[in-house]
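Engineer: Residue-level listing of the chains:
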Amino acid sequence: MNKAQKRTWLCFAISLATILIAAIVTAFIRINQIDLYEATTFRLCGLFMTIPLILIVIIQWRWKKVYDERDKQIDTKAIFIGSVGAFIFLAGAGGFYVLLAGRMGSIRASLIITLVYLACFVWILVSSVAALIQYGWGGKDGEK
Amino acid sequence: MNRAQKIAWFNLVVILIGLVLCGIAVAVLAFVAERPLRAALGGLGFIGIIGFTGLSPFLFRKAKGQVEFDERDQLYNMRAWFLGFCASYLLFVIVCMTTWFIYSPKGTISVNVLPLTVIGGFMALMLVHSIAILAQYGWGGKGEKS
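For the protein sequence lines, the chains are Y and C, in the order given.
Heads up: the first sequence begins at 0 in numbering that gives the first Met the number 0, then just goes up one per residue.
Heads up: the second sequence begins at 0 in numbering that gives the first Met the number 0, then just goes up one per residue.
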């Protein structure tokens, strides 16, 4: 596995963990009818939401991802596919909430920011998967 | 002008026409017909015109047997799509932060804001993609044809 693949695996793991934890926390809040907008809960959620973002930013800044032309081409295609995935996620979420709330319904203003935040991690997840598929999921030729 | 430039010009003109018509319709309904703002926003229906951008690959078909894309075209196209997606995501962020500040996190907004944001994002995507294509190839024909 080369360094670009290791970096991609790490981004994949962080983004997948973030989305799964967000789904579990949402289910927990709804089942236990916790008031998300109570000051302490809101601040804790806000704090924990920044941790994966900081990790991703550190990885993007400090860890080189393009080592040769092949890495560059794989990265370019993966970014494009990730962007399409994030756009589909946002469009799908929009349609889902319209169906759920009805045409005259209303939603919390904070829902949009949550969707945009999750779309960022969907982008990272889908682009990581696209890159890993192109690399072949793991080291096949002993490259380091 | 090559095929990509023609498609980009067509998309750009269609989107700009849609935006101008929306602006005129909303302004006429709001200020001339003196309708309430909610009714005047019905003028945004002209946004549907941007659906014509879907016809551009059919209007500008490539000739049979012709090579459509070389490496340079592919690079320009990828860059343009990347910039388009950045613009659409930026629009989503602006909309979410605007609603956050106006309505506060606990406030509620109409659910129709979501599909309108998606439509706006798509428009931003196509607009910036077209401008990026034209900026990279050049705004006018330089002799290449396809």
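Possibly wrong hints are sitting among the right ones.
Quick list of the computed label-pair ranges, beta carbon to beta carbon [claimed, not checked]:
1) Y/S105 <-> C/L18: 24 to 30 Å
2) Y/F47 <-> C/F30: 34 to 40 Å
3) Y/N31 <-> C/V12: 53 to 59 Å
4) C/A26 <-> Y/L9: 25 to 31 Å
5) C/I16 <-> Y/R29: 22 to 28 Å
6) C/A38 <-> Y/R29: 35 to 41 Å
7) Y/N31 <-> C/E70: 54 to 60 Å
8) Y/F95 <-> C/A26: 29 to 35 Å
Derived coverage of chain Y by chain C (criterion: at least 3 residues anywhere in the stretch with Cβ under 8 Å from a Cβ of chain C; other residues may be distant) [claimed, not checked]:
9) 70-79
10) 85-95
Straight-line distance between alpha carbons at most 25 Å, and here's what the computed DMTMM-like set of lysine to aspartate or glutamate pairs gives [to be verified]:
11) C/K61 <-> C/D72
12) Y/K76 <-> C/E33
13) Y/K76 <-> Y/D34
14) Y/K71 <-> C/E33
Rather than coming from a laboratory, the hints here were simulated on the basis of the structure.
Even glycine gets a Cβ: it sits at the ideal position worked out from N, Cα and C.
Engineer: Each of the hints needs a verdict: does it hold here or not?
Structural biologist: Do the hints match the structure? See the list:
1. Y/S105 <-> C/L18: 24 to 30 Å: At roughly 27 Å between Cβ atoms, C/L18 and Y/S105 fall inside 24 to 30 Å, so the hint holds.
2. Y/F47 <-> C/F30: 34 to 40 Å: violated, 48 Å
3. Y/N31 <-> C/V12: 53 to 59 Å: Because 54 Å falls inside the window, the suggested range holds.
4. C/A26 <-> Y/L9: 25 to 31 Å: violated, 52 Å
5. C/I16 <-> Y/R29: 22 to 28 Å: Since C/I16 and Y/R29 have Cβ atoms about 45 Å apart, the given range 22 to 28 Å is violated.
6. C/A38 <-> Y/R29: 35 to 41 Å: holds, 37 Å
7. Y/N31 <-> C/E70: 54 to 60 Å: holds, 56 Å
8. Y/F95 <-> C/A26: 29 to 35 Å: holds, 34 Å
9. 70-79: holds (count 4)
10. 85-95: holds (count 7)
11. C/K61 <-> C/D72: holds, 14 Å
12. Y/K76 <-> C/E33: violated, 50 Å
13. Y/K76 <-> Y/D34: Roughly 42 Å separates the two Cα atoms, so the pair is violated.
14. Y/K71 <-> C/E33: violated, 56 Å
When held up to the earlier numbered hints, the structure conflicts with 2, 4, 5, 12, 13, 14 and fits the remainder.
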